[in-house]
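Generate coordinates for the entire structure from the input sequences, incorporating the hints supplied.
Residue numbers (my numbering), protein chains in the order written: chain Z, 2 to 352; chain S, 643 to 735.
Calculated from the structure, these hints are not laboratory results. All values derive from a computational prediction rather than experimental measurement. Treat the hints with care, since some could be wrong.
Here are the computed lysine to any residue pairs in the SDA-like style, where the Cα-Cα straight-line distance is at most 25 Å [claimed, not checked]: (1) S:K691 x Z:V52; (2) S:K652 x Z:R94; (3) S:K652 x Z:V52.
A short, non-exhaustive set of chain S residues, derived as facing chain Z with CB atoms under 7 Å [claimed, not checked]: (4) R657; (5) R659; (6) I661; (7) G662; (8) E664; (9) I666; (10) Q670; (11) V675; (12) V677; (13) V681.
In this text, a Cβ means the ideal position worked out from N, Cα and C, and glycines have one as well.
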Amino acid sequence: MTYSDTIRRVWDENLLYSALVELTYRCNLDCYFCYNDTGLKGVPLAYAQYVRFFEDLRDMGTLDLTLTGGEPLAHPEFFALGRQAREFGFVVRVKSNAHALRGKLARRMKDEVDPFLIEVSLHGASPETHDRQTRVPGSFARLVGNLREARALGLRIKLNSPMTLWNEHEIEAMYALADDLGAHVDFDPLITRRDNGDAEPQQIGPSREGIARLFQHQRERGATLRAKFPSPAMASAKVGIEPPATGREKHCGAGSSSITVDPFGNVYPCVQWRRRIGNLHDESITTLWRHSDELTEVRRLASEVKAAVDGHQAPDMGFCPGSAELETGSPTQIYPAIKVIRDMRKRVPAG
Amino acid sequence: MIESTTVFRKCSDARYRNIGGEGIVVRQTAGEVLVLNEVGVRVLDLLAKGGTVDSVVEAVAADYEVDAATAERDVIAYAQELVEAGVIETLSA
Numbered sequence: 002m003t004y005s006d007t008i009r010r011v012w013d014e015n016l017l018y019s020a021l022v023e024l025t026y027r028c029n030l031d032c033y034f035c036y037n038d039t040g041l042k043g044v045p046l047a048y049a050q051y052v053r054f055f056e057d058l059r060d061m062g063t064l065d066l067t068l069t070g071g072e073p074l075a076h077p078e079f080f081a082l083g084r085q086a087r088e089f090g091f092v093v094r095v096k097s098n099a100h101a102l103r104g105k106l107a108r109r110m111k112d113e114v115d116p117f118l119i120e121v122s123l124h125g126a127s128p129e130t131h132d133r134q135t136r137v138p139g140s141f142a143r144l145v146g147n148l149r150e151a152r153a154l155g156l157r158i159k160l161n162s163p164m165t166l167w168n169e170h171e172i173e174a175m176y177a178l179a180d181d182l183g184a185h186v187d188f189d190p191l192i193t194r195r196d197n198g199d200a201e202p203q204q205i206g207p208s209r210e211g212i213a214r215l216f217q218h219q220r221e222r223g224a225t226l227r228a229k230f231p232s233p234a235m236a237s238a239k240v241g242i243e244p245p246a247t248g249r250e251k252h253c254g255a256g257s258s259s260i261t262v263d264p265f266g267n268v269y270p271c272v273q274w275r276r277r278i279g280n281l282h283d284e285s286i287t288t289l290w291r292h293s294d295e296l297t298e299v300r301r302l303a304s305e306v307k308a309a310v311d312g313h314q315a316p317d318m319g320f321c322p323g324s325a326e327l328e329t330g331s332p333t334q335i336y337p338a339i340k341v342i343r344d345m346r347k348r349v350p351a352g
Numbered sequence: 643m644i645e646s647t648t649v650f651r652k653c654s655d656a657r658y659r660n661i662g663g664e665g666i667v668v669r670q671t672a673g674e675v676l677v678l679n680e681v682g683v684r685v686l687d688l689l690a691k692g693g694t695v696d697s698v699v700e701a702v703a704a705d706y707e708v709d710a711a712t713a714e715r716d717v718i719a720y721a722q723e724l725v726e727a728g729v730i731e732t733l734s735a
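Written out as structure tokens, the structure is:
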């Protein structure tokens, strides 16, 4: 019995393992390609509703709880909710831009929320590049300082980097910066539309050459790491505990093991697949999870997607049914960015 | 030394859930995951709720139809493993 076996069961048996909660769309940065639909209207969930929701999740056996935004620290009750999540025994993750994660707030994050991981976006290896994307002067210098402070407090940091035309020339330097900060970094070469369908962010999607350059650097870096850490156990220990993609029947765990909730209580299969399956103002997550027809359809589609992606010879290319649906209207349709990734992967095979 | 009256609590660093009859334990600081089988997560549930070793032995013997001596030996050995893995800690003896 391994962790992979358990995750496979979670997918196959529709056990709600992880929930991602967008607490607010307010943010202290102004990233050009932010995917949030900031025009979305609704009644924000109140603190008591969040607590009831967390209780339901706990009782359903959910282990992973991610607090995100917008910028989650901009929610006035972030710390109360974080403390509650900790008390309920979740493995808490926080997705933050870390712009406010300093001094007292950083200390409170460690002492009160004690997250397993804080995921932070890195947009470049220089102020010129990073600040261009965040559109807040000084955000790069502040980020690097805050990350060093967070690390000193014992907070575990992972960096996520949406790869763009503007930062693709700094890939190697961003890896070097991540190493210097003692943090793992993941690059995402797929810039998605906004959740409302707006394609403007894709104007700065990375070039084909940029993606090939990323793959080439990852290949070289992988070879170096393998030489340094020949044991697979040591290599995986560097990465953390991301659930491996191991489903037999389904392409991913969207709607089968995971859900996303927006600030107004709308529930979706995952952060990317914004097919609304209900609202927590109207129904509990327990009821939705068991009885939502929309969710049943999403689970059926997750199997269909797996067959389609295998047929397109595009496994491991980062295919996302949510992006596919947004781009093409069908969750099983290969979309242009995946074709580019597939072509570049042929040019630069994984090491 | 673990005795029949020993009481435990879950270490604050450890988070776990019973997921469809299996236990997933995350040791936060180490970034490690342990997977427990059905009996393992049942014992952890009982120990983490503050039951004495005696009470856990009684429950396990009843649930799995084993004799008390076998259940006691296995529960104590398993509790020791959980202590060494940093999942539970002794509250009193």
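These are the hints, each one checked on the structure:
no.: 1; hint: S:K691 x Z:V52; verdict: 22 Å, holds
no.: 2; hint: S:K652 x Z:R94; verdict: 20 Å, holds
no.: 3; hint: S:K652 x Z:V52; verdict: 22 Å, holds
no.: 4; hint: R657; verdict: 5 Å, holds
no.: 5; hint: R659; verdict: 4 Å, holds
no.: 6; hint: I661; verdict: 5 Å, holds
no.: 7; hint: G662; verdict: 5 Å, holds
no.: 8; hint: E664; verdict: 6 Å, holds
no.: 9; hint: I666; verdict: 6 Å, holds
no.: 10; hint: Q670; verdict: 5 Å, holds
no.: 11; hint: V675; verdict: 5 Å, holds
no.: 12; hint: V677; verdict: 5 Å, holds
no.: 13; hint: V681; verdict: 12 Å, violated
In terms of the numbered hints stated before, the structure departs from hint 13 and from no other.
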